[in-house]
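Residue numbers (the UniProt record's numbering): 1 to 123.
You may find that some hints are simply not true.
To be verified - Distance condition first, Cα-Cα at most 27 Å in a straight line; then the derived DSSO-like pairs of lysine-lysine:
hint, residue 1, residue 2
1, 31, 89
2, 74, 35
3, 31, 100
4, 42, 31
5, 89, 100
6, 74, 95
7, 74, 100
8, 89, 35
These are computed hints drawn from the structure, not numbers from a lab.
On a predicted model such as this, the values are computed, not experimentally measured, just so you know.
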Amino acid sequence: MVLKSLHACGLATHFVPSTKLALSEEVQVSKSLQKASPTSLKLCLRSIREGRFQGLGECLAQEYRIACHLMRGKIRSDFRDGCTTILSKKDNIQKWEPCKLELITDQMVDQYFLKLDDDENLE
1 MVLKSLHACG LATHFVPSTK LALSEEVQVS KSLQKASPTS LKLCLRSIRE
51 GRFQGLGECL AQEYRIACHL MRGKIRSDFR DGCTTILSKK DNIQKWEPCK
101 LELITDQMVD QYFLKLDDDE NLE
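Work out the full structure, taking the sequences as your base and the hints as a guide.
Here it is as structure tokens:
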């Protein structure tokens with residue numbers, strides 16, 4: 001009765017049984033990951049794995065380096081270009097390069113973890 005009332009007034013727009021809620025969330029996460037930049041997925045995984053053994057300052061410096069490399073686009077520009085496409089809502093089709101996780105090597109990921117020219121201020 002309460003659910004019907006909530007639905008009727010527009011507060012509840014859909015209903016998912018609690019037993020299926022986790023599955024619904026998994027599907028949404030999976031779809032989001034499939035749209036994401038394969039490069040950024042690899043970077044995030046490595047950053048999380050390394051960050052477990054670093055202090056807060058080291059983690060923040062590492063995240064700053066990665067973000068700078070991504071935004072400057074000197075290594076690759078696909079992340080920046082993909083974000084521009086999403087934010088501008090042009091065609092909403094990202095052209096990631098490389099387009100698959102298995103095409104991204106450890107050497108490619110290593111480049112994003114290199115120190116910046118102005119890195120002395122981060123220590």
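To see whether the hints hold, each was checked on the structure:
| no. | hint | result |
| --- | --- | --- |
| 1 | 31 to 89 | holds (18 Å) |
| 2 | 74 to 35 | holds (23 Å) |
| 3 | 31 to 100 | holds (15 Å) |
| 4 | 42 to 31 | holds (17 Å) |
| 5 | 89 to 100 | holds (23 Å) |
| 6 | 74 to 95 | holds (17 Å) |
| 7 | 74 to 100 | holds (20 Å) |
| 8 | 89 to 35 | holds (14 Å) |
In summary, the structure agrees with every hint in the numbered list given earlier.
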